[in-house]
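Asker: Spelled out, the chains give:
Protein chains: 2
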Amino acid sequence: MTHRLLTPEELEAALLAIGAERYHNLHPFHRALHDGKLNKGQVQAWALNRYYYQASIPAKDATLLARLPTAELRREWRRRLVDHDGTEPGTGGVARWLRLTDGLGLDRAYVESLDGLLPGTRFAVEAYVHFVRDRSILEAIASSLTELFSPTIISERVSGMLRNYDFVTEETLAYFTPRLTQAPQDSAFALGYVKEHARTVEQQQAVLNALTFKCGVLWSMLDELDYAYVAPGHIPPGAFKPQDAS
Amino acid sequence: MTHRLLTPEELEAALLAIGAERYHNLHPFHRALHDGKLNKGQVQAWALNRYYYQASIPAKDATLLARLPTAELRREWRRRLVDHDGTEPGTGGVARWLRLTDGLGLDRAYVESLDGLLPGTRFAVEAYVHFVRDRSILEAIASSLTELFSPTIISERVSGMLRNYDFVTEETLAYFTPRLTQAPQDSAFALGYVKEHARTVEQQQAVLNALTFKCGVLWSMLDELDYAYVAPGHIPPGAFKPQDAS
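These protein sequences, in sequence, are chains G and L. Our numbering puts the first residue of the first sequence at 1, with every later residue one more than the last. Our numbering puts the first residue of the second sequence at 1001, with every later residue one more than the last.
Everything labelled a hint here was simulated from the structure, so no lab data went into it. All C-beta atoms, glycine included, are put in the ideal place defined by N, C-alpha and C. Check before you lean on any hint, since a few could be wrong.
As the list claims (entries may be wrong) - Sample of chain G residues facing chain L (criterion: CB under 7 Å; computed from the structure):
#, residue
1, Ala17
2, Arg22
3, Gly41
4, Asp115
5, Gly120
6, Glu147
7, Tyr193
8, Trp219
9, Ser220
10, Gly233
Working from the sequences, and respecting the hints, build out all of it.
Answerer: In structure tokens:
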């Protein structure tokens, strides 16, 4: 809780402190993933569940786009839709994520059907979409600030996965390369926005809470994966059952 | 998937089959809870998280109540609000749940603040409230049908907890006794409603999906508790940390 008005720089420091405590690069499942401790079926489960997050991001961004009041803000946010949905079939972040699930040997129709999704993944992802739909524009923009921390996790993930898994190639990880430049551009805008627009103690607290909430979304997705797929493993009824434990 | 129109009796059988596969009495955390395998801190974590579910049920029911088209339906659904919210302060299911958290030694203000909630609990409970708000009345009513299975789990829970935990008394479990008569009354109405109103293959499939969804809500809440609080334990940043491992 913040009890006095922070300077913009203090607000930025408080946001970074939330990431240092709560961002999902600290989660045991992320560490196992990039340290090469998972088998192919477990990496498939991660990619399959994370697909729903990726596929929901442009819907989340479109929800916010529809509420933004100025052309300037809408142009900025529209860029995110271009990044994720692409400019023609087969381009954009969601299509590149499907190249990852293809490369891991998952059936594309099965991935897109969401039939094998963990219920907890669904609830966490939809909580994020609903948050952005229902909260203030300031909170919605602040909830995107996990991108401040994503270049680090992407670097760890790509280098660790290429080093440790013979079933992972640079081609299958094509999703991540553009994100290394897109995410900093996105988060620089969002950080500037919240530093300028969070002008009361209540607004600053709402911004900090929004980032905490979003860290919980990402963290909870890895909780579910770790619980379901890492030994002893408790796959819920109906969720994806890996065949490949190599 | 159902591919032909079921008779009302076949629909009922299909609903019961979903419960037999997916209801959370089959979850390892429930079994540990009623078998006396948990310590006091773990039982506290369960009661603290489940409180948010209990406290959200009347909000969920009020959301549906506001959409029901007839006095007959609204009277039926209003009864649920009376059961949970009571007729005066200190009565009703939510107040009785707080007697459970009191009896387990949890600070009431802390429980009600939701500060120690697992993010996954929040997302699962809110997914249920949103489902009832956003889906058809038929699906909303069908999602309540987990009450078909609750008398069994309540009996197991009460007898198992009284037998196995010296920190649990009949007074602290006062929540459950009225539920043994309320839940069958509720579920008999809801089952009759869906058997009468699910008249197309699509409606029947929607009813089955709604119950599957709701089983996923309850199951996912126990996934999170088991992952966070049962050895080795992975409590997310900011969630309740038990002090009492007796």
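Asker: Confirm or reject each hint.
Answerer: Taking the hints in turn, this is what the structure says about them:
1. Because the smallest distance between the Cβ of Ala17 of chain G and any Cβ of chain L comes to about 11 Å, over 7 Å, the interface hint for this residue is violated.
2. Look at Arg22 of chain G: its Cβ gets to within about 5 Å of chain L, closer than 7 Å, so that hint holds up.
3. Of the supplied interface hints, the one on Gly41 of chain G is violated, with its beta-carbon coming no nearer than about 19 Å to a beta-carbon of chain L, more than 7 Å.
4. Taking 7 Å as the C-beta cut-off, the interface hint given for Asp115 of chain G is violated, the closest approach to chain L being about 10 Å.
5. Interface hint status for Gly120 of chain G: upheld, as the beta-carbon distance to the closest one in chain L is roughly 4 Å, under 7 Å.
6. At a threshold of 7 Å, the smallest CB-CB gap from Glu147 of chain G to chain L is about 19 Å, leaving the interface hint violated.
7. For Tyr193 of chain G, the interface hint is violated, the least distance from its beta-carbon to any beta-carbon of chain L being 25 Å, above 7 Å.
8. With 7 Å as the threshold, the beta carbon of Trp219 of chain G comes within range of chain L, its nearest partner Cβ sitting at about 5 Å, so the hint holds.
9. Look at Ser220 of chain G: its Cβ gets to within about 4 Å of chain L, closer than 7 Å, so that hint holds up.
10. For Gly233 of chain G, the suggested interface contact is broken, since its CB lies about 11 Å from the closest CB of chain L, more than 7 Å.
Taken one by one, the earlier hints fail for this structure at numbers 1, 3, 4, 6, 7 and 10, listed in ascending order.
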